[in-house]
Amino acid sequence: MHVPDGFLDAPTSVATGVVAAAAVGVALRRARTELDDRTAPMAGLVAAFVFAAQMINFPVGAGTSGHLLGGALAAVLVGPWTGLLCVSVVLVVQALFMADGGITALGTNVVLIGVVTALAGYVVFRALQAVLPRRLGTVAPTAAVAAFVSVPAAAAVFSLLFAIGGTAPVDAGKVLTAMLGWHVLIGIGEAVVTGLVVGAVVAVRPDLVRGARPLVAARELEIRTVAA
Amino acid sequence: MGAAHGHRLHHHGHSAVHRAPAHVKILVLVGFVLLVVATPRDWYAVFAAYAAVVVGTVLVARVPLGWVLRRMVVEVPFLVFAALVPFVAEGPRTEVLGLTVSEPGLVAAWGLAVKGTLGVMASLTLAATTEPTDVLVGLRRLRMPPLLVEIMSFMLRYLDVVTADLGRTLTAMRSRGCEPRSPRHWPALARSLGALFIRSYERGERVHLAMLSRGYTGTLPTATGGDGHR
Chain A
1 MHVPDGFLDA PTSVATGVVA AAAVGVALRR ARTELDDRTA PMAGLVAAFV
51 FAAQMINFPV GAGTSGHLLG GALAAVLVGP WTGLLCVSVV LVVQALFMAD
101 GGITALGTNV VLIGVVTALA GYVVFRALQA VLPRRLGTVA PTAAVAAFVS
151 VPAAAAVFSL LFAIGGTAPV DAGKVLTAML GWHVLIGIGE AVVTGLVVGA
201 VVAVRPDLVR GARPLVAARE LEIRTVAA
Chain B
1 MGAAHGHRLH HHGHSAVHRA PAHVKILVLV GFVLLVVATP RDWYAVFAAY
51 AAVVVGTVLV ARVPLGWVLR RMVVEVPFLV FAALVPFVAE GPRTEVLGLT
101 VSEPGLVAAW GLAVKGTLGV MASLTLAATT EPTDVLVGLR RLRMPPLLVE
151 IMSFMLRYLD VVTADLGRTL TAMRSRGCEP RSPRHWPALA RSLGALFIRS
201 YERGERVHLA MLSRGYTGTL PTATGGDGHR
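The listed protein sequences derive, respectively, from chains A and B. Quick note: the first sequence uses the numbering used here, first residue 1, plus one each step. Quick note: the second sequence uses the numbering used here, first residue 1, plus one each step.
A few of these clues could be false.
[Said to hold, decoys possible] Partial chain B-side listing against chain A, Cβ under 8 Å, derived:
1. V17
2. L126
3. P132
4. Y158
5. L166
6. H208
[Unchecked claim] These stretches of chain B come out as covered by chain A in the derived footprint (C-beta under 8 Å, 3 or more residues):
7. 37-49
8. 181-190
Simulated from the structure, these hints should not be mistaken for laboratory data. Glycine included, C-beta positions come from ideal geometry on N, C-alpha and C.
Isolated chain A (complex conformation) (with noise of 0.2 Å):
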């Protein structure tokens, strides 16, 4: 869910906010290495599939549903700079065109959801990365792990924001608790969908996967013959 306006007090905003600026600037720079010149046109079509992709709701139960984050899948997709890039220019996006998230919370959105689960994520993607073995078929799995933490790992920076510059009289450590349990739940959707989409674009185009590309460049040639 994004934040709306007036959830944090403004103080709490305003440094969230500087926060996001100065990751998504590093973000911009280092894109450009993950794309080159591509990364106007190439980004853009990415955060349009990534907005895309946020529009199926699922039933999460009691009424409510969610939708994918995306952060992990777009970072273990495109790179995690890119990635942060794309999910921040969604909520941008949506902030200022759809009032979905609130425009003072527009940082602590883009710290959340995109900072957190791109970076969280694509940090658990590596780490798993190196000590499981070199194949094409761990992609997937490993993409929905790093997806399963990114979730709660967006809740809990969002329960020690909401402990420093929370709104409401709610005790800290129930929001944790409150948050974590149900985000869970949510990160169990965002790791199976998240496995899955990965799972089905390394079956076709492992060579667009930037999270299997030291594998698909370690793949050698393999000559058959066919017996007659």
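For this one, chain A is given, so just place chain B on it according to the hints.
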């Protein structure tokens, strides 16, 4: 969480609000909402004044109020959350309609709901009165990094293409007895999303090649001739 994202939020018009430069409107919006967020929540009269300002702007812009209200459904999940706050908040209890709720929680819920609602209404007013391309020009004038504005412009330009692509896929799934929302059919949905990613990525590559063939060198010429927009 919650409501679907609508895309066509612009309401065509020629009022003073429509004609105002986009960067001014963005600055006013951010300043106004920051002011709303920073206002202590028990200054009830001030919030009435804020509401009057927003509604007044909507009326001056000649955007039908119902049009704005219908698009405010994005905040419904949040209002549900705000309604829960009095029940989980700390502090002395009080009786409202036979329910025992936290008194500071009740005030907090009011604050959340009124600030969130004013923010949504103000943002919708900007969206309703400003063409997306003008918003981009405004953001560029406000010194948003050019690369970020370019990414946004490509996203907005191809948003309808990509979402329509997804829409056709979902229609095809449904016509084959597959319900994309149901976890039972997630594997099929994921393959569709995977295909959508590949299609979007390859479309990005084709767009880039088309740009190169038209002399793209890494920076976009501004369609409106730099800062001399209108």
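Status of each hint after checking the structure:
no.: 1; hint: V17; verdict: violated (16 Å)
no.: 2; hint: L126; verdict: holds (7 Å)
no.: 3; hint: P132; verdict: holds (6 Å)
no.: 4; hint: Y158; verdict: holds (5 Å)
no.: 5; hint: L166; verdict: holds (5 Å)
no.: 6; hint: H208; verdict: holds (5 Å)
no.: 7; hint: 37-49; verdict: holds (count 3)
no.: 8; hint: 181-190; verdict: holds (count 6)
Violated hint for the displayed structure: number 1, the only one.
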